[in-house]
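Asker: The primary structure of each chain is shown beneath.
2 protein chains.
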Amino acid sequence: MTDTFQFNLLATDGKARRGTVSMPRGEIRTPAFMPVGTVGTVKAMYLDQVRDLGADIILGNTYHLMLRPGPERVARLGGLHELIRWPYPILTDSGGFQVMSLSGLRKLDEQGVTFKSHIDGSSHYMSPERSIEIQGLLDSDIQMQLDECVRLPATPDEIERAMEMSLRWADRCKTAFGDQPGKAMFGIVQGGDVPALRVRSAEALAGLNLKGYAVGGLAVGEPQAVMLDMLDITLPALPHDKPRYLMGVGTPDDMLKSVARGIDMFDCVMPTRAGRHGLAFTRRGRVNLKNARHAEDRRPLDDQSSCPAARDYSRAYLHHLIRADESLGGMLLTWNNLSYYQDLMKGIRNAIEQGRFQSFMEETQEEWARGDLQPV
Amino acid sequence: MTDTFQFNLLATDGKARRGTVSMPRGEIRTPAFMPVGTVGTVKAMYLDQVRDLGADIILGNTYHLMLRPGPERVARLGGLHELIRWPYPILTDSGGFQVMSLSGLRKLDEQGVTFKSHIDGSSHYMSPERSIEIQGLLDSDIQMQLDECVRLPATPDEIERAMEMSLRWADRCKTAFGDQPGKAMFGIVQGGDVPALRVRSAEALAGLNLKGYAVGGLAVGEPQAVMLDMLDITLPALPHDKPRYLMGVGTPDDMLKSVARGIDMFDCVMPTRAGRHGLAFTRRGRVNLKNARHAEDRRPLDDQSSCPAARDYSRAYLHHLIRADESLGGMLLTWNNLSYYQDLMKGIRNAIEQGRFQSFMEETQEEWARGDLQPV
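Protein chains in written order, with the UniProt record's numbering: chain A, 1 to 376; chain B, 1 to 376.
Honestly, the hints are just simulated from the structure, not real lab data.
Think of the CB as a built atom: it goes at the ideal place given N, C-alpha and C, for glycine as much as any other residue.
Some clues are possibly wrong.
Rough simulated footprint, nothing fancy, chain B against chain A, three-plus residues with beta-carbon under 8 Å [unchecked claim]:
no.	stretch
1	9-21
2	52-59
3	82-96
4	145-158
5	327-333
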């Protein structure tokens, strides 16, 4: 345990990094995947299970939590950790991304953004200062600056305008966050798919000497190659001794290739959302349990998995549960998927420590490419 | 363990009975509550949890399982126990009740009933023989006769016609079931709210010398007093040395009062369905977690409960989860409710063994009547 927020780089292998992010509530082994606990719950999971799978940190969505139960209420209830029974680190996003993607009519200017709740249409205001205030009320350990995430494709002028405003907002967030030794506020690199703007954003943020840096505005519909190009361009401009978080990413393949470029942290709804819709991530690639080929398949999803959901239930049963829209189907496949994601990160960390990350990546990709079990 | 289906009466206290129903797959401690596993899953629960709460047996719905995944498919997959990972006893209903209540256009005559699936409108046929065949394909341990359950209020003529046909169907089901020493086929007393018809039904079924008897057609909207009157009238006409199962019942109070009249087994969707809708059963009575009074209440549902869901999570969090329609809310409250139901049955069994059932019932009812915790 530590009193202060710290990042320690333990090993590197090429550009891949193995480290720890430490803070009073615990230590995050990086590269790390952070399960998304949207509105104070990782959907269809008990948090004890999430912890047992190896998660050192989960993510909460400020937008959702500010609408329900509301940040002042969460604070009166002792903070988010206490409310949801997760005493370990929590990262909160700034709310900006969901304001742009989920909310109704909005008005955005230099000061902040006014938006309507997607739940009841009520009007809300968010500024850089209010976002940090809310994240403080939630008692978040890693807080994110408010930024403006432009949907791609967009014109370079529009991307630049939003990126520059996001830089000014980073500065305001830094001031609002102040001096909190046990916590961190991360800046977010923007700049769309324009290399020069990405570099400008990263360099300007580096100049703010923040405790960590995220890359935002990617995995928003662009080809994977564009995302990886932007990482190649952006990461050298960020300080080597600070954690780097790629927001909203991604598939297992996205994560492997991003680790190879020097990313330390990920979050994504994919394993949880896909699980509820019948899609399983396995060492043999993706398996769609809705598919009729599984209807009478008594084999488990993966008899070598560390997860009971993958090992102890037949594909036929999983198929039945998903087809019948039974909650246990989503519970089991979410469990499997989060297990797969955490085991993948564990494999990545071990491989970096042992200097064999490249071969681990290739072997993992080859096993995906060989595909699922042949039908019975 | 035993090779044959047996009922042993271990103790009585007034009319209340403490016994065991034994069969090759396990022993049911009676009075017993059977959680409902509608379509091969007790909704929002892992079956390991259901077992850990003390359930000796669960119920499967033949109507739902015949539509999905289908009885022949279940048989090819090794039977229902194997499919769902529940190696302990399973009781299946006959499908008749859901055919009457859920399905579309139907044609019913002496031979059986043709109905349309509520899922896709496909046409299906059910007869007494087919119902037993399906329950056999599911490999059910306790199978129920097909009956016609008349919705109350109904005319005495209509109740009598359906009851008499149900008796003829009981005989056909007995023949179809044949000689299966390790399993049982229960008859179902019908007769609506007409005492003479209830007695006629019970006496005629007793004459068939079945391994167990159910009371059906109650808890279908009539006042509790009518249900209890029918039990007072019916149960003396049933053999003392066979288990008695009150179908689809009920509230905790229904169960106490029915045990007091000599009922041994219950099933009901109430604890699971109510849980998903925010209603908790506790020793202090029912608690509606949707209610705003819980929004900032950091106390658990019941700090003396044996269930982590009741003990370890705040009411404020449960309120938030239910209000936000998050699956964990239903998972936790279902867990709490099934725990409460099983603990109540355990209390009932202990009280009967110790000859203090009447005082146990009164104390339990008094604690409900005192009501929930005062608001904070």
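Asker: Of the numbered hints stated previously, which ones are contradicted by the structure, given in increasing order?
Answerer: 1, 2, 4
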